[in-house]
Amino acid sequence: MQRRRALLLAAILIITATGSWIWLDRERLAVALINPLLQTSRIDSLRGLHPGIDTITVDEVHLSLASGASMRMEDLRLSHPWGLIFTGERNRSRLAIASLQYTPPQPQAEAAPASTNTNGKAVSAEDASLRTLIALLHKTLPEHVQVEEFRWLDDTMHRGQLHIARNDDRQSVKANATFDRQELTLLLRSEGGQLHLSAQLDDKKDGRILSFTGALLADTSDLWLATITLQSDLQKLSQLPLPDKLAQFSPGATGAVSARLQARLPDRVLRLEEYADISVKLEKSSIQLALPQALLGTEAAFNLTVDDHLEVKLAALRPLEAKSLSGSGNITLTPKDMPTLLQARFASTTGQGQPQITAAGNLNLQALTPWLQSSVLQDKLPDLRLTSAAGKLQFQGSATAKSLTALPDGRQSWLDRFDLSLLPDSWLELSVSQPGASPDGWQNGKIAIHLPEVLAVRTDQWPGKMQLNSAEIRLRAQEKDGNISVNARLQQIECSLLTQTRCSLEIFAESPERLALPGTLMLENFSMNSELQFHTEDNHQQWLLSQAEVWADDLKGPSLQAERLSLTAPQLQCRVTNGSAHCESMEITAAFSTLDTPGLRTSGALTFSDVQFRESGRRTELNAGYHANQIRLKTAENYALNIDIQGNLLLEDAMLHGESQLLSGPVKLQAQWQHNLNNAEGTADFTFPKTSFSRTHPLSRAIEGLPVDIVAGTLSASGRYSWPMGTKDHIHLQLEQAAAVFGDSFAAGVAGEISLYRRGNLWLTDQPQAVQVDRVDVGLPIENIHFSISLDEKRDLAFNAVNAQLLGGTLESSRLVWNLDGEERTGKIQIQGISLSELAREMEAENFAATGTLDLEIPMATSSEGVTVRRGQVKARPPGGRLRYYGAFSPQMLSGNPQLKLLAGALEDYNYRALSGTLDYPSSGDMRMQLKLVGRSQSVAADRDLIINLNLENNIPDMLRSLQASRDLTEALEKTLQ
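Residue 681 in the working numbering sits at position 507 of the sequence shown, with consecutive numbering throughout.
Keep in mind that the hints were calculated from the coordinates and are not lab data.
Built from N, CA and C at the ideal position, the CB exists for glycine as well.
Watch out, some of these pointers could steer you wrong.
To be verified - Only pairs whose alpha carbons sit at most 20 Å apart, straight line, appear in this in silico PhoX-like list of lysine-lysine:
| # | residue 1 | residue 2 |
| --- | --- | --- |
| 1 | K497 | K487 |
| 2 | K730 | K808 |
| 3 | K410 | K378 |
| 4 | K566 | K510 |
| 5 | K566 | K620 |
| 6 | K1049 | K1106 |
| 7 | K1075 | K1049 |
| 8 | K455 | K487 |
| 9 | K808 | K842 |
| 10 | K379 | K410 |
| 11 | K497 | K455 |
| 12 | K458 | K487 |
| 13 | K458 | K410 |
| 14 | K864 | K842 |
| 15 | K510 | K455 |
| 16 | K1075 | K1002 |
Said to hold, decoys possible - Pairwise CB distance ranges (calculated):
| # | residue 1 | residue 2 | range |
| --- | --- | --- | --- |
| 17 | D354 | K639 | 54 to 64 Å |
| 18 | K639 | E357 | 23 to 33 Å |
| 19 | N822 | K864 | 16 to 26 Å |
| 20 | K1106 | K864 | 50 to 60 Å |
| 21 | G773 | S1011 | 47 to 57 Å |
Please construct the entire structure, taking both the sequences and the accompanying hints into account.
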């Protein structure tokens, strides 16, 4: 007996403990039991569960739905719960909710994870069956649901009351939601194999806003035939507190929408791939929608007018397969306070089993001005401002729909063919400006585009490769004031566009006015043409110019002017990758009739070969070879030469380096140079290799117009030259046995080395440089000339320690100076032992003969006026000499003048024992000599001295020219060189 009592007590305790545990943990157990029944939804939390025999109450429930939405319910009261729990009984349950808060799914919310049913199997939302849902609705939906406060939380918050009533006798469910001004009524009624659905949204003051009716007829166990109609008043609909994404299209919306949908639906309604025979028909209507400011930079009105109907029939929804299109209408798009931007008419038909759409219309581009001025566009173009637009584009096009098929890159094509034509006489004009200063004259301007021919765009599938073709496009860029303009024509345009863009075209451009270029250069009457091909893909671009030619009548700069210049390149290719550019050309030729720089005129053509250009970040590099044949150079002093030039250059950022070799006749010059483009500073190191000259290869074959021509010997030179002048500049010249011709004079056997260096703006010698000359012939020969030459800071060109042989005597001077600025300098020449017989022989005078020796002391002055001599001294050496001067005076002079007749007779045979006098030589060249002779004549008073005072005048330049004319220069030179 006691044992039985113990067992009974233990059982009671166990039952009591179990019941206590269940009661205390009832909320968690309830969630665990209910969630499997909800399949794709779930209870996240439950609080305040109070079960009872006839009533169950819950303080708060949080529920997550399969769509990603959520519900929060407070103060739930479920009456007659057993009909809801035990499905064998008729469900008489009633549900009252004090507050229900519904939050729609977020746009990017992830799909709710699949729930598991009571068997532990995953249940997908796509497996939801319409029949099952209807049956479940009738079994699990309480007979009455009353929500005192219903709140729908999204961009705006809607408040109202909700009442749902289920009528098992009529197999219907009716829901009614009442808000402040609106009332929404839903009715679902199943009748045998049919399902009827209707919905109305009414404004309590303005009446019906939207109505929706639908009927689903069971075709088979797995398919439904659906017919749905929709009618809506857009103006009333726009008054609703819509979500922000819809509200931005609603202001000003007008019109009525009447649409009809027919489709074959699967019982599992979320399986889109099983939808078939879908038809959407929009009845005749005229609607207007507002477009947000972000699209066009201002608010805009979109208008759609359907003539009779617009119908789309789809054979399948996934993949999308269009079956037919029909209908027509008009579309307009009008920005606020602007003319209509778009006017288009469209029509849709189905031909040969493929739906087709055609459209035609025009664009008034003035209406794009607000969009051009919007911050959205200007932020993308910080260096350019598009301030206004004008123009009209006329277009027509067509498209053919197709089934949705996968392309190799995973994208999807939904058009089988697309054609768009921009019609002739379409045009566009944009007003542009550059922020900040613009040195090239393009601060403000206009860009105009005109289509004289059709511009056609075509693709065989979209998305897909697009072809663009046009016979010609004309462009014009014009500076605001109209002083500068550039006209261009693009012809034979063919483009292929997809992930890669490939285009080929011909470019013709011209600027009849002056065109400003960087660096204060002006280009006049510019024109160009070229064939262009370019290819772009992602961040890679490739450009190819073929047969490029550029011409201009004139190019002018502060220190530059070129006339009739041209630039030609058979091919120029550029590649741009990640902002880095690389351009190359096998050959570019620049030609000009004249190119004038200070002190120099150039003409000819220069060809650059193997041109390579690279730019990456802030680093720029250019290298090329160059050559030219017969470039003609002419200096301001009319020196001219024709040169062949070759070399190479390298540009690294602002530093330009190069090597050059110049050939002109027998002359060859080699140089290495560099130039800084930023500060216009540079240097050149040059070498003039030892060059031999001859009568057949003189210096004049290289340089025309020089006053001196080297006809024999060798010349070499080297040095450095800088711009601006630098302290390291120097020149070294070396002559060996050179012969030079200057006018009708010549010098032979010239040898010496001369070194000059730069100090400030001056060329100087560091010490006197020795020079020797075998012979100088200016009409009278001067031989064995030796001197040293120097140039100092005062620009005094000094000839030091001069000595030479002249007419059997010697010429000496310690220092003779010529100031290069023309200042006066003085010096003295000593001439000793001049033979009068040598002088008479050189003069080849038939009426004059003399003997004796003279010494001269000549004080000489040099200045900008030339050479002058004042009071030079002449004296004969003892014992004197003999004069024979016949015919010194004409018969007319002698007649009637006995003294002159006596003097003439004495000079015909005069022996002097003393001769002295003075010499003056002004800058005019008229030398005057005052001589006193003491001697005797056999024909006049032979037994006593006869003193003769002579005043002689002679123009020395004329005398020398006469002497030069009396001998053959070539013969004299050849004789000397031998």
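Okay, the hints, checked on the actual structure:
| no. | hint | in the structure |
| --- | --- | --- |
| 1 | K497 x K487 | holds, 5 Å |
| 2 | K730 x K808 | holds, 19 Å |
| 3 | K410 x K378 | holds, 12 Å |
| 4 | K566 x K510 | holds, 19 Å |
| 5 | K566 x K620 | holds, 16 Å |
| 6 | K1049 x K1106 | holds, 10 Å |
| 7 | K1075 x K1049 | violated, 27 Å |
| 8 | K455 x K487 | holds, 8 Å |
| 9 | K808 x K842 | holds, 18 Å |
| 10 | K379 x K410 | holds, 11 Å |
| 11 | K497 x K455 | holds, 13 Å |
| 12 | K458 x K487 | holds, 17 Å |
| 13 | K458 x K410 | holds, 19 Å |
| 14 | K864 x K842 | holds, 9 Å |
| 15 | K510 x K455 | violated, 31 Å |
| 16 | K1075 x K1002 | violated, 39 Å |
| 17 | D354 x K639: 54 to 64 Å | holds, 55 Å |
| 18 | K639 x E357: 23 to 33 Å | violated, 54 Å |
| 19 | N822 x K864: 16 to 26 Å | holds, 25 Å |
| 20 | K1106 x K864: 50 to 60 Å | holds, 55 Å |
| 21 | G773 x S1011: 47 to 57 Å | holds, 51 Å |
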